[in-house]
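The lines below spell out each chain.
Protein chains: 2
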Amino acid sequence: MIKIGIDAMGGDFAPEVAIEGAIAALKFIDKDSRIVLFGDQKRILELIAKHGSNASNFDIVPTSEVIEMGDHPAKAFVSKKDSSISVGFRHLVEGKIDGFASAGSTGAMMVGSMQVVKPIEGVIRPVLATLIPTISPEKGIQRAVLMDVGLNVDAKPEVLAQYGLLGSIYAKSALGMENPRVALLNIGEEEGKGNAQAKATYDLMKEDKRYNFVGNVEASYIFTGKIGDVVVADAFVGNSLLKMAEALYRINFRLGGGKPRFKLMWRWLLGRIVPKLYWQYDFWDNMNAESIGGLQVMGVNAPVMIGHGSSSARAICSMILSMERDIKSNFPAKLREALKESAATEAEA
Amino acid sequence: MIKIGIDAMGGDFAPEVAIEGAIAALKFIDKDSRIVLFGDQKRILELIAKHGSNASNFDIVPTSEVIEMGDHPAKAFVSKKDSSISVGFRHLVEGKIDGFASAGSTGAMMVGSMQVVKPIEGVIRPVLATLIPTISPEKGIQRAVLMDVGLNVDAKPEVLAQYGLLGSIYAKSALGMENPRVALLNIGEEEGKGNAQAKATYDLMKEDKRYNFVGNVEASYIFTGKIGDVVVADAFVGNSLLKMAEALYRINFRLGGGKPRFKLMWRWLLGRIVPKLYWQYDFWDNMNAESIGGLQVMGVNAPVMIGHGSSSARAICSMILSMERDIKSNFPAKLREALKESAATEAEA
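Here the protein sequences come in this chain order: A and B. Okay, so the first sequence: first residue is 1 according to my numbering, each after it adds one. Okay, so the second sequence: first residue is 1001 according to my numbering, each after it adds one.
Hints in this document: simulated from the structure, not taken from any laboratory. Some clues are possibly wrong.
What the hints assert, rightly or not - Restraint ranges, calculated between C-beta atoms of paired labels, are given here:
1) A:51 x B:1309: 52 to 58 Å
2) B:1052 x A:179: 53 to 59 Å
3) B:1012 x A:136: 19 to 25 Å
4) B:1309 x A:2: 49 to 55 Å
5) A:189 x B:1057: 38 to 44 Å
Where is the CB? At the ideal position from N, CA and C, for every residue including glycine.
Construct all of the structure, not just a fragment, from the sequences and the given hints.
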């Protein structure tokens, strides 16, 4: 039995959209997966009833407080002991749930990740990652991992080089890739290009035999999947690229681009017959934060996911499904194993 | 009389597209503007005739060599004395032409800019800038300046802060903006956000009274024009953002998005009646490197522009028109003036 912990109070439109999203996710999660909602029990029950679902479909952990966006994350995490986020992390570290996701305070989610769940031994710096769509004439629409999208700026080369290991193990375990290609974001493809940080990182990644480093990738090729399945960047660049991609998605959408032309069912059916017909819609839709669900906190002892503050019900539903996938991947355990092996090899040498 | 110097041999499809683009530009340039072509005279004359134009429409400066993409830029610039780029820069520095543009070797163009035309006194580091489209419900489609898109990585804070002055004077003189808002690309809007470089740059820009610094801008807002008319970034980030925007343009275009639905004339006419009808096309079209024409080398003593190696005839035509605009702006002289004033003020203090 998998227990997917969800902060029902997190995000600008919580708890309404959180409950709507959770109800929508019921149709897609495995039979032996269970959604555990943390939040105001009375409101949660009301909303479940309002949307025609049944309370027995969920586990509910009642909490009485909420960490607001304006709160100081670290202080609020401690002072609001009965907040949905604080309680969620306690349940996570006690093994009562298998993963925890929230569209609430990113800061508080990071405090919980770092101080309650804690970094895996051997991880220099946990990192924020996201999935992005790639499109190519050969493979159609696939996914790639982009990291760091917001945690460590001025990251040391050894930190960036280790992202490669984290991303590679994640791509294998959660995305089922056999030998994911790990690339370093740079402003030129050749070795020796870039700023001091990128050059030093390249040298370290080239020597790391634990993953399949394929060299530099320019931002032009991130969305083509031509070079890398995992793209490693400093948080300053990764965050800027992610924000720009999201902005172009929104602009394109508002301008009428990439909108579905048929109802979902027909689209799905037609897409099976003539897949390329819907690539335009599908590519942009996969760029949509709503269908990505959230950012992974990689390198800590349990799956943690942070959604957009402005998450809609659809975004929450995606977040729940992504969290289920990440829990099943057993990514933290596999990373722990890999780091133990590395430590053992180093001790021998 | 304005003399627009164009490298007829620069780019993957030169000289064919260069001549085609130059002929197309004849329709749009001012009566007292003159295009000066540098290159293989025989080929140029053949191509002018082939495309039904007349040699008397152009000045031609015959050259016998070409700096190839594979050549070492600095060495080739010196050894190939009679190359179109080397001769072009000599004409520029001697005042025989008023600006020089090429879609050829970026490296050789930079050598010419730095060693022949030379940085303006007081400019710490010349910089590569580009125009990008912005779109908002209030103002429709406008333009902004993004810099540095490829020259100085690991730029010192004082270098970045000076970009603000360069960009501001450019936006005033070439784009006719009255009081351009200069913003620093960062991963958060509040003061104190970002990496060490961004924090130190913020402090310097805040103190610089020569331009209208409005604070940080996140990559989400670059294309909305919400915050800045001039966006300052380190070359590593600026180049990555530009490459990603170009890639998303290409992906969107190939997927069928943002394509014009009518012939240009009808589009123009209908666009005048219902402007929003064409925003989708126009926004993406303004993202198209073909309609931007090239990157400005800012901070040197004369207008220099570098086009995409893969420039089409349309791109060359845009490059010529942008170069004409930049020559008319008298940007280098205005920058020299501003820097002299600053030096005088500092000497007084």
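Going down the list of hints, with the structure as the test:
1. A:51 x B:1309: 52 to 58 Å: holds, 56 Å
2. B:1052 x A:179: 53 to 59 Å: holds, 56 Å
3. B:1012 x A:136: 19 to 25 Å: Given about 22 Å between the Cβ atoms, the range holds.
4. B:1309 x A:2: 49 to 55 Å: holds, 52 Å
5. A:189 x B:1057: 38 to 44 Å: holds, 41 Å
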